[in-house]
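Just need the whole structure built from these sequences, with the hints factored in.
Protein chains: 4
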Amino acid sequence: MIIILSSQITEKDLDDLIGNLKDRGYGIHLSRGVEKTIIGAIGAPEEDKVLIAQQIEALPFVERVVPILKPYKLVGREFHPEKSVIKVRDVDIGGDAVVIMAGPCCVEDEQQVLETARLCCAAGARILRGGAFKPSTSPYSFHGLGEDGLKILDAARAETGMPIITEVMDTRDVEMVMKYADILQVGTRNMTNFALLKEIGNIRKPVMLKRGMSATIEEWLQAAEYIASRGNYEIILCERGIRTFETLTRNTFDINAIPAIQELSHLPIIADPSHGTGRWRLVSPVAKAAVAAGADGLMVEVHPEPARALKDGPQSLKPNTFAQLMKELLPIVLAVGRKPSWSNAGEPT
Amino acid sequence: MIIILSSQITEKDLDDLIGNLKDRGYGIHLSRGVEKTIIGAIGAPEEDKVLIAQQIEALPFVERVVPILKPYKLVGREFHPEKSVIKVRDVDIGGDAVVIMAGPCCVEDEQQVLETARLCCAAGARILRGGAFKPSTSPYSFHGLGEDGLKILDAARAETGMPIITEVMDTRDVEMVMKYADILQVGTRNMTNFALLKEIGNIRKPVMLKRGMSATIEEWLQAAEYIASRGNYEIILCERGIRTFETLTRNTFDINAIPAIQELSHLPIIADPSHGTGRWRLVSPVAKAAVAAGADGLMVEVHPEPARALKDGPQSLKPNTFAQLMKELLPIVLAVGRKPSWSNAGEPT
Amino acid sequence: MIIILSSQITEKDLDDLIGNLKDRGYGIHLSRGVEKTIIGAIGAPEEDKVLIAQQIEALPFVERVVPILKPYKLVGREFHPEKSVIKVRDVDIGGDAVVIMAGPCCVEDEQQVLETARLCCAAGARILRGGAFKPSTSPYSFHGLGEDGLKILDAARAETGMPIITEVMDTRDVEMVMKYADILQVGTRNMTNFALLKEIGNIRKPVMLKRGMSATIEEWLQAAEYIASRGNYEIILCERGIRTFETLTRNTFDINAIPAIQELSHLPIIADPSHGTGRWRLVSPVAKAAVAAGADGLMVEVHPEPARALKDGPQSLKPNTFAQLMKELLPIVLAVGRKPSWSNAGEPT
Amino acid sequence: MIIILSSQITEKDLDDLIGNLKDRGYGIHLSRGVEKTIIGAIGAPEEDKVLIAQQIEALPFVERVVPILKPYKLVGREFHPEKSVIKVRDVDIGGDAVVIMAGPCCVEDEQQVLETARLCCAAGARILRGGAFKPSTSPYSFHGLGEDGLKILDAARAETGMPIITEVMDTRDVEMVMKYADILQVGTRNMTNFALLKEIGNIRKPVMLKRGMSATIEEWLQAAEYIASRGNYEIILCERGIRTFETLTRNTFDINAIPAIQELSHLPIIADPSHGTGRWRLVSPVAKAAVAAGADGLMVEVHPEPARALKDGPQSLKPNTFAQLMKELLPIVLAVGRKPSWSNAGEPT
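Chains as they are written, first to last, in the numbering used here: chain R, 1 to 349; chain Z, 1 to 349; chain A, 1 to 349; chain W, 1 to 349.
Calculated from the structure, these hints are not laboratory results.
Quick caveat, the model's predicted, so the values are computed rather than measured.
Please note that the accuracy of each hint is not assured.
Some but not every residue of chain R turned toward chain Z, in silico, with C-beta under 10 Å [said to hold, decoys possible]:
{"#": "1", "residue": "L5"}
{"#": "2", "residue": "L30"}
{"#": "3", "residue": "R32"}
{"#": "4", "residue": "G33"}
{"#": "5", "residue": "K36"}
{"#": "6", "residue": "G76"}
{"#": "7", "residue": "P135"}
{"#": "8", "residue": "Y180"}
{"#": "9", "residue": "D182"}
{"#": "10", "residue": "N190"}
{"#": "11", "residue": "M213"}
{"#": "12", "residue": "Q222"}
{"#": "13", "residue": "A228"}
{"#": "14", "residue": "W280"}
{"#": "15", "residue": "G313"}
{"#": "16", "residue": "P314"}
Heads up, the beta-carbon is just placed ideally off N, CA and C, and yes, glycines get one too.
Structure follows, in structure tokens:
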């Protein structure tokens, strides 16, 4: 770390600080400029470098501490240059093929899920999404069917062969949800629910970690590091839009994050243009943009009748609009040198 | 709700929509302007108004739906005009007296907590803060002593008589933390951990709900409504700064939120200038500002030796700086027509 | 507009307000709900509807005023459904062809500009960018060559045939810059410099209006309306990223804005991935994303030697990277059903 | 500056970079860690350090450049530790006394201004505000009376003795506005209108520089440096709220900025709670907060009849509410060890 000192630091305070750092095992480079004195402290012990930086910064004569190393390691690309491929039954996420996940926001009833699953599958989606536990800003809204919803997803998987992804919100539910899900989803509102991240780190099952709506890319990777640090390396990231001052759209889809994650991390990155825009008219253009920017896949909300959806109707595509999007995606997938996981006719390959 | 329709809506779609709304029990006011047609739908059934608004907005010929009623009721001031006072042992929060909560960010060891507790109490703090379970962005940082930390807080309460406030992060810990804590704290990172909010709503114990770092004031009140809707009405709100583009400070303390909450809600509002600024030099000015704006109290991080703190050293006050702040707060408290809960000499009254 | 009234409004205040609105020429719809009384005021005189809304909102018994009509008209799509095509010499912007603008951030010297212009032109760029007047956060940085810089651009146009786009920052310079430029650029820092917008509205010359870095899409369209309201309709919009909490990238490129503008306005929309990311490694992926989302063109910073650039080196592409981007863009352009304005071999068509 | 290099840098690139830096006159400290190599470059020539940092950052093997020195000097406290006091006729801004500026948002007519001026003066305001040139988001709104408005302010000054502050928006108007104004105001929308900043730097007249609504504190001080670097040192800063995701209030008043500016700069800092909140009910609490946090003064919008104001009615105080605020401010001013510039009875002292 680099420590920038106030010009008013005394010789004694400087000596004490350097002594303290040496005792902790740091190598020291001291630069005395006319205006500033700077210490470069090299070789920090990994496990407490965040803490030490905070402690140093608390000293009254320290202006600023600049960390040098990235605050994540297992999920970073520096020590793991090859891209990770997460295998979910017969689907590879993060490989050559761009993978589309689709389905309703919430599991409402068996007929709705089966109908949507069939249509999404026919259009080329490879993974079925659907929420049995739904976070909702209002306590008075629908919060999902719980385990009954998972059973409906299970039936849909049995019929269509699509692996299922579904959200888990409570540490107490992880074990039960695992029994049904092929991929566990951690939602944007729980990206900093560290108890949940730890629990998910302890299991061995793919997880998709959505970016917190006000999380920096670095914080998001640290949340992934939580999971990896417990031994679960099967992590998929999902950009779903961030909160900004713009009110026309529900969120601002951060397209920059797609190539930035590809540069910084070896984990696959999925784009969610449904939440990223919040308006169905914008979903298809942003879906195409995400693939053009290099996303490894998409997650899209599809509902047979958005105006009767129990959640997120305004951002859900109707099945025929989704099928149209799949057709339009195909040449974009090829244009960026990837393979689609579906054919020209819209079927999964 | 007000429904603003596209100018291209057909007569049939309009008739269908109005029929649908009438079937749901709404009274209808239709305004046909030259450019826009507007429906005012009056008398929505409380429990599903968010859902209905979403469903209507999903219709292709609907431009926008404007909700009229506030999305919270139990915590709002419209139906509960008198201020709520939360009793915590012998301390009233939300009454005439401005109440100061202070203590270390984390419980590190017994000596640290007892020493800090004594000094804070002597300076006039009435409630002891301290984290036994600590959220931390990095998986490699200190995460708290757990139940052992709670026992240390218990000992500090026994000695000083100060009620204790401490954070709970996991639904599975609520019951255990309740045994020790006088106030449970829900941290900024868990404001949208709805499983935790529900669990806390089911208990009967005061809770302090920190604002999510990117939560609007309306969303924050909805999170409080979650707790209240389960029957726990002893809720204290805490403004702790929001995330903005400014990088000089850790967060931007939203001073506007103090009077806004006093206008919209009957719940007490506490200010946390330590997290709100992230820099100890700014804590005292912002603490005074919050009281001048009408806060019912403060929560301040105090550490005997910030440069050895296991967390948040850069924003912790030393005990003598805290005592100085308490002296400077006194005339501000009186200037806004409140009473201090401590005397001129710094002791609790 | 919709006026939501406090439940405590007196009959007299309500009568006065309704009388006042009728006197101003509004038609009135009154809805009295149990909790709220709402007035729908229809038929506002165009010129002062913003003012009237503000005045109504200042009344103590008014909770909120919700405007119904969009605050722009000339640049909106409702009254001008066909897309506008802006002709710049022999280049059409907003038509079928996707148009690429490229060149250095600043005009530094003749050799740099000519070399860059030739290379960009050979790679397929149709319009040459280059700043002779440069806004810069620091007063001590390079601020451009002024009119000498414009003469260099003129020479580059003479040689390559590319029309030139260049920024104007001062109302006093508009007349002079007009003599050289084919398109005047209003930069992000001047989107709310209303004196400049008015001056530009008074001339007859294409203008490219960059989005303010904290402007909502609605405010951006209002800035365009400023120009149009003075009679200059040749307006091109440019999304260049907005300011958010993310610090890894210089700005957050708002990909949602591309289709949103296409929906709301008939004006062409250009994407600037150089400023939108601030990091050259991210420029190509985001450029492709913008075209996939429907942008009418791109503006890209290219410098023969970024590490010697007098401004914006970190976000400038080298000419060979730019040529590579142009090759990769081609299939994306075709995939979205547009035409490139350059051939497979990289030459302008 | 500190240069953090990619671990893949070659020896040749490293040697070349070090040679290049030495040629520019830097002293070099090289630290080779296991994971990163870091160069500390000391002693940069002042005038082009921003540029050099950008150029270095454009090199492909450079990960990041961390500047060490602050990007402003004349307005910084490091080289000018004593607070600046700006003399405006007989009023000192930045001295012991807290100074209140008040008046209408816009000059509407002589009667409105004279009446407001008398009432504000009687309540204790020392400086009269009023806009003759008004920035407005909509081209169809009222934009001010221009020079006629300045003449009205002149008359109000003649009658009440209050110096006047008024906004200038166009470089072409500076000379004319100077003839009337005692303090020129640069509004939030022009903080990055560098042509205007330069023009204002060339004159010798106090200027109040409002913070840009999305400007960091560092950028705001750089804008002040623009003015100072041209020789005009009579600069007053004004915090007026920043743009965030919160929509309940028009802006988020950044209370942290008050003590932060006092720490970083010697310039006086004024708070504008009218724009900082956008809602008159919040103005008084935030005004008191700003003084408690150490502001050198306030600027408050006052209108005899807000519901007839031609601009900003919702955030304007009525004269009696303003007089009440002045009474309530008095004990706060004394509590923070300052003097009021008005007496207990509300008259200017």
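Hints and how they fare:
1. L5: violated, 14 Å
2. L30: violated, 19 Å
3. R32: With Cβ-Cβ at 22 Å, over 10 Å, it is violated.
4. G33: Check failed: Cβ of G33 (chain R) comes no nearer than 22 Å to chain Z, outside 10 Å.
5. K36: violated, 17 Å
6. G76: This interface hint is violated because 13 Å lies over the 10 Å limit.
7. P135: holds, 5 Å
8. Y180: violated, 18 Å
9. D182: Hint violated; D182 (chain R) Cβ to chain Z Cβ min 22 Å, cut 10 Å.
10. N190: For N190 (chain R), the interface hint holds, since the closest Cβ of chain Z sits about 6 Å away, which is under 10 Å.
11. M213: holds, 6 Å
12. Q222: holds, 5 Å
13. A228: holds, 8 Å
14. W280: holds, 7 Å
15. G313: Since chain Z brings a Cβ to about 3 Å from G313 (chain R), closer than 10 Å, the hint holds.
16. P314: OK, holds: P314 (chain R) within 10 Å of chain Z, min 4 Å.
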